[in-house]
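Engineer: Okay, here's what each chain looks like letter by letter:
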Amino acid sequence: MAAILVPLVILLPWLGAITIWLVRNEHPRLQHILAVVFSILTAIASLVLLTTATSETVIHIPLGKAFGDLTFVPDGLAVSLTAIAAVIGSLAVVFSVDYMRGDEQLGRYYFLVLFFIGAMTGLVLSGNLLFTFFFWEITALCSYGLISFYNDDPKAVAGGMKALIITQVGGVGLLVGTLIAFVNLGSFQISDLLAKASTLPAVSLSLIAFSFLIAAAAKSAQFPFHTWLPDAMEAPTPVSALIHAATMVNAGIYLLARFYPAFEGVPGWKMSVLLVGLISALIAALSALVATDLKRVLAYSTVSQLGYMVYAIGAGGVLASQFHLLSHAVFKALLFLAAGSVIHSVGTRDMRRMGALGSRMPLVRNVFIIGALALAGVPILNGFWSKEYILEVGLEHSPIWAYAIMLFGAGLTAFYTFRMVWLVFFGRERDQLNVHQAGSAMKFALRILAAGSFVTWLFFGGLNGLLSTTLPFHALEHESTLELVSAILSAPATWFALLVVALGFGFSWVRARGFVLFGGSWLNPFVDTSFGFELVNDLVVQGVSRFAERLRATQTGELNWNIFGMVSALLVVLVVLWMGA
Amino acid sequence: MNLLTFSGLIVIPLISSPLVYLAGRVGTHETTLHRRSFLVRGLALLAVLISWLPFSVAVQKFFMYGVQKFNIETIWLRVDGISLLMAGCVLFLGTLVILFSGSYMAGEVGEEKYYAMLLAMMGLMIGLVSASDIFNLWVWFEGMAISSYLLVAFYREQPASLEAGMKYLVQSATGSVLVLIGIALVLAQVGTLDMAEIAEAVLRSSVNRTSLLGAGALFLIGFGVKVALVPLHTWLPDAHSQAPSGISAMLSGVVIEIGLIAMLRALAVLTGFALSWGILLMAFGTLNILYGNLLALRQTVVKRMLAYSSLSHVGYVLLGLGIALYSGIELGAQGAFFHLFNHMLMKGLAFLSVGALMYGMFLRNGSHAALKVSDLAGAAQKYPLVALAFSIAVLGLGGMPPLAGFMSKWQIFVAGFETQNNWIVALMIFMALNSVLSLGYYAPLVNLMYHKEPSQQVLAGKPLTWTIALPLIVMSLLIIVLGFFPNLINWLTVPAGAELMKMFGS
Amino acid sequence: MTFTPLNVILFGVIALLGVGFYGLLITRNLIKVVMVLQILIKAVILALILAGKMSGSTGLGQSTAATVIVADTIVAVVGLALAVQVRRRFGTLDVPKISTLRG
Chain Y
1 MAAILVPLVI LLPWLGAITI WLVRNEHPRL QHILAVVFSI LTAIASLVLL TTATSETVIH
61 IPLGKAFGDL TFVPDGLAVS LTAIAAVIGS LAVVFSVDYM RGDEQLGRYY FLVLFFIGAM
121 TGLVLSGNLL FTFFFWEITA LCSYGLISFY NDDPKAVAGG MKALIITQVG GVGLLVGTLI
181 AFVNLGSFQI SDLLAKASTL PAVSLSLIAF SFLIAAAAKS AQFPFHTWLP DAMEAPTPVS
241 ALIHAATMVN AGIYLLARFY PAFEGVPGWK MSVLLVGLIS ALIAALSALV ATDLKRVLAY
301 STVSQLGYMV YAIGAGGVLA SQFHLLSHAV FKALLFLAAG SVIHSVGTRD MRRMGALGSR
361 MPLVRNVFII GALALAGVPI LNGFWSKEYI LEVGLEHSPI WAYAIMLFGA GLTAFYTFRM
421 VWLVFFGRER DQLNVHQAGS AMKFALRILA AGSFVTWLFF GGLNGLLSTT LPFHALEHES
481 TLELVSAILS APATWFALLV VALGFGFSWV RARGFVLFGG SWLNPFVDTS FGFELVNDLV
541 VQGVSRFAER LRATQTGELN WNIFGMVSAL LVVLVVLWMG A
Chain A
582 MNLLTFSGLI VIPLISSPLV YLAGRVGTHE TTLHRRSFLV RGLALLAVLI SWLPFSVAVQ
642 KFFMYGVQKF NIETIWLRVD GISLLMAGCV LFLGTLVILF SGSYMAGEVG EEKYYAMLLA
702 MMGLMIGLVS ASDIFNLWVW FEGMAISSYL LVAFYREQPA SLEAGMKYLV QSATGSVLVL
762 IGIALVLAQV GTLDMAEIAE AVLRSSVNRT SLLGAGALFL IGFGVKVALV PLHTWLPDAH
822 SQAPSGISAM LSGVVIEIGL IAMLRALAVL TGFALSWGIL LMAFGTLNIL YGNLLALRQT
882 VVKRMLAYSS LSHVGYVLLG LGIALYSGIE LGAQGAFFHL FNHMLMKGLA FLSVGALMYG
942 MFLRNGSHAA LKVSDLAGAA QKYPLVALAF SIAVLGLGGM PPLAGFMSKW QIFVAGFETQ
1002 NNWIVALMIF MALNSVLSLG YYAPLVNLMY HKEPSQQVLA GKPLTWTIAL PLIVMSLLII
1062 VLGFFPNLIN WLTVPAGAEL MKMFGS
Chain S
1088 MTFTPLNVIL FGVIALLGVG FYGLLITRNL IKVVMVLQIL IKAVILALIL AGKMSGSTGL
1148 GQSTAATVIV ADTIVAVVGL ALAVQVRRRF GTLDVPKIST LRG
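Residue numbers (our numbering), protein chains in the order written: chain Y, 1 to 581; chain A, 582 to 1087; chain S, 1088 to 1190.
These are computed hints drawn from the structure, not numbers from a lab. Among the clues, some could well be false.
[As the list claims (entries may be wrong)] In silico DSBU-like cross-links for lysine-lysine, where the CA-CA straight-line distance does not exceed 35 Å:
#1 Y/K65 x Y/K196
#2 A/K694 x S/K1140
#3 S/K1184 x S/K1140
#4 A/K650 x S/K1119
#5 S/K1184 x A/K650
#6 A/K953 x Y/K65
#7 Y/K155 x A/K963
#8 Y/K65 x A/K1083
#9 S/K1129 x S/K1140
#10 A/K650 x Y/K65
#11 A/K642 x Y/K443
#12 S/K1119 x S/K1140
#13 A/K694 x A/K1033
#14 A/K1043 x Y/K155
#15 A/K694 x A/K650
#16 A/K642 x A/K1083
[Claimed, not checked] Pairwise CB distance ranges (calculated):
#17 A/P1044 x Y/E56: 51 to 61 Å
#18 Y/L535 x S/I1161: 37 to 47 Å
#19 A/A1007 x Y/G506: 48 to 58 Å
#20 Y/I369 x A/P1044: 31 to 41 Å
#21 Y/V572 x S/I1156: 46 to 56 Å
#22 S/I1161 x A/S948: 27 to 37 Å
#23 Y/D152 x A/M645: 26 to 36 Å
#24 A/L600 x Y/D153: 55 to 65 Å
#25 A/V648 x Y/D152: 24 to 34 Å
#26 S/G1146 x A/M645: 45 to 55 Å
#27 Y/G532 x A/A1007: 25 to 35 Å
#28 Y/D153 x A/K642: 54 to 64 Å
#29 Y/V572 x A/L600: 45 to 55 Å
#30 A/A1007 x Y/T554: 19 to 29 Å
The beta carbon of each residue, even a glycine, is placed where N, CA and C say it ideally should be.
Please construct the entire structure, taking both the sequences and the accompanying hints into account.
Structural biologist: Right, dumping it as structure tokens:
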């Protein structure tokens, strides 16, 4: 069964992508229908796949020494992420039917989206590190294509380029780690690396561990690679929801979670992961406090929430990270899509121009508030349970100062969430904006995700069961939803955390009364430069391009100079050979 | 001499070359001009299609009996894994280029010369890769060079192509002088020119090793001009960007690689220096990758950008070969040959796609202007197929999956890490970062083509013909298939890799 | 180094090569460039004959030399033909003036 479903969830969307491309842009209606049909079929297949999770290899195609065997392993980690990618993917596609209506290049849009969905499922299902890397790069390519989708806009082009280059540099980390593992193990199989990690030389293992950390940080927009995600918000909003909130950015979390048992014992690794998550969570939350672009606020909050997941892994809570990943995927997709409806309706992303939109688009307001409350961690929404779970793991297994900072981060989250909701939907009207009502496809996707934000925490027991039975190396204990609920509700830390969240809301409310939610702040200069890392990016980019421009002078086009190059190369080679011999 | 053996692969193009030329010259009456052009194209295509027959026979024989020796009169030739791979590349790209040129070159003054020279060049290249005598190697090489000078300077009305052709000629001729001096040095030491005999004779104690090293340096630099090793590359961006697009594809796709094979064959006869050559190849490879990428980054003319990217791709191949020679890892050689094959596909496709755009946007409007990067804007609207093909080509060159370039680069990486040598591993990381850097100029090309606001040139563009579209489709499909199933080409690259290791005796 | 005929020829070869490369490095006239190339080739022809003689396979040296003469004539013809075209299109044979492709 799984042997059919696995290729299905990868190839169905790809088939859809090619079909839609071939249909051509002259038939937009057909393209919409095809995209919806293929993505929903994929979602169904992925849900069925959940029931067949196994730690066995289901497909096995040998490709020779340098490429290893192409294998797929639909274990719990893989199938749960596949389901997230495919279900949220299909909702994003449904949403796009309204959002992208009238666009001239629908073929390219749906091609990239569906190609991405297939690649994302391939990435998590692959049992071969080479093909993990292979799909990893395809997702980066699709992400690039979609960020730059409105490519007559130079900002979109620059944002796409930035995302591509940064994630590719991170990809080099995955490549290096994979190859070091291969050289030591003679195999690209993930299961081999997990099984034999303890037999590897310590240096090799820590090289692999830290290379993978670099790759994961770049992909998940974590410190110090956090600069690309906010600029990626030039993408069409359904894409931001799918790729830059719910799925692709989770690939880094996936990588860390997948190899946690292998790298757990590497000295300093867990602490590094913890710090990466902590710093990302903190600085992104601070950035979200002052951002005025609605999508950028959401992007910062994504970085911040991904930081929580990374922090959880650093503290040893693989399960907690996956649980929060699930919650976050749902509520953040909801927030992005709702924000997309707002943006689609009013035609701007600038929160300074919005205000008092709530009464004019009640449904969007309601679902947005649901998502926002989940993000802030208010009971009984899914974000509450998973965030509390992470904080609980943090309290137990990480230094107390780290826990304190993460708790502070939860307060900041509540603060910027409230600010965002207030600025968009409440307060006074700041600008005359024409409001178009959201279409029915949009409303459909929003309703499903809003319902999801209420219920996905109930799947905790099922998720835990899947992970604990099919991940032989992770040694997870089985815990039911009920046990989680009682554990969280009985912990004093939970109530403390809720107090912090309430304080965050409170401060935000106080400021909102005084209309000081935007404008000058001592944080602005830090945020504008991504805490200085923008400068590093600029230096590298400008340095390289300036050097390249200067180097052009060496191509003088003069014959004598060309001959001089030949003669001097000959002399150098002669001298080198002479000295070598 | 049997035309159905490998020799047919050399003889058929060489004989058909003057025939094609004559077919284009007899009967100079104006009214027959169109029919004659048709005849020329048809004959050329026929000749190249017939050549597939001896190729398939040679492939079968090779896999049944191993390395084949045969002669054309007194010239002895030898078919091994490398010859087979390169002959396959030449024939494949040659066929598609001739098909492509059908429309592209239609009505050009001297069309018959174009096909005659192209066919001759193909025959000479296939001869070169199977030469078993070091002087014959030079003769084939020189013949190939001469036909390529004429092809580069084909648009003799264009000052820039004349300039490019002239520089190419002078540098290439200087290089071949160096090669000849090297041959003279070897001849003076061992008194024979047969490669197998030299390889044994150089081990005799009477041989002066220092002068052999000198000869090796001369081969490296002499042939290196054609390979475009970095300080010797200066002719390449001019020649590749000024030649007719089909020829740019041939030059980038096979001619520089054939030069590389000539270099390897010549170096291999100097037994016992594989380590030195390995290090030098890696050094030049590194230089090529970095320099090629940096220079391509700021180019504004598409073909010139692609020409610089050829420098960096030669660099990847050199790195793979260097690894194989230095540490005896056969995977490196296989990876290098795989990348060589992929580069033929991807760069050939890139140049042909650019050619297709130039055909639609310039040639059919009677202009010979160069295609600027900015002219690409919105090209997908009028030329969706070409835009897709060009995207596939450049993304493949940038090493993005699921395209062939990713897999061959990967194979080279694996070989590099297998050496467990820290320097080589560092080189591999450098190579990976350079791949990222190269996306800095490849990705914007793709982006530009999908703009919604088309450039003036695109708006004025004319439709293409199927002979232009067909080669693009074939190559695009092949690049994608190899991206998923890299082992499909093993039957060509594995014997080539094994032959290289045997040549260098490790 | 003794003053044998072989050494004299060797000296001649080296001298011609020196002249040739020096010429290529400084010549700016296209016709002269082709001439300098010819000087280089002549040096090579001498070298080949010398190498044949030194290694005792005189025939080999001479036959290769003869082949090189043929090949280099073709190169010279093509080079001069291009030079004629260059003169026609650019109106000059001065190399720096025809160098428009750069960077």
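Engineer: Please test the hint of 51 to 61 Å on the beta carbon pair from A/P1044 and Y/E56.
Structural biologist: holds (54 Å)
Engineer: A/K1043 and Y/K155 were given as a pair; does the straight-line alpha-carbon distance stay at or below 35 Å?
Structural biologist: holds (32 Å)
Engineer: Straight-line Cα separation of S/K1184 and S/K1140 no greater than 35 Å?
Structural biologist: violated (45 Å)
Engineer: Checking one constraint from the list: CA of Y/K65 to CA of A/K1083, max 35 Å. Satisfied?
Structural biologist: OK: Y/K65 and A/K1083 at ~20 Å, within 35 Å.
Engineer: Does A/K694 pair with A/K650 here, judged by a C-alpha cut-off of 35 Å?
Structural biologist: holds (33 Å)
Engineer: Given the hint of 24 to 34 Å, is the C-beta distance from A/V648 to Y/D152 inside that range or not?
Structural biologist: violated (57 Å)
Engineer: Does Y/K443 sit within 35 Å of A/K642, going by the straight-line distance between their CA atoms?
Structural biologist: violated (67 Å)
Engineer: Against the 35 Å threshold, does the CA-CA distance of Y/K65 and Y/K196 hold or violate the hint?
Structural biologist: Holds, at roughly 19 Å.
Engineer: Quickly compare the C-alpha distance for Y/K155 and A/K963 to 35 Å and report which way the hint goes.
Structural biologist: holds (25 Å)
Engineer: CA of A/K650 to CA of S/K1119, is that 35 Å or under?
Structural biologist: violated (44 Å)
Engineer: Lying within 37 to 47 Å: is that true of the beta-carbon distance Y/L535 to S/I1161?
Structural biologist: Violated, at about 59 Å.
Engineer: Just to be sure I understand the hint, the distance between the Cβ atoms of A/L600 and Y/D153 should be within 55 to 65 Å; is that true here?
Structural biologist: holds (56 Å)
The structure does not agree with the numbered hints 2, 3, 4, 5, 6, 11, 13, 18, 20, 21, 23, 25, 26 stated previously, though it agrees with the rest.
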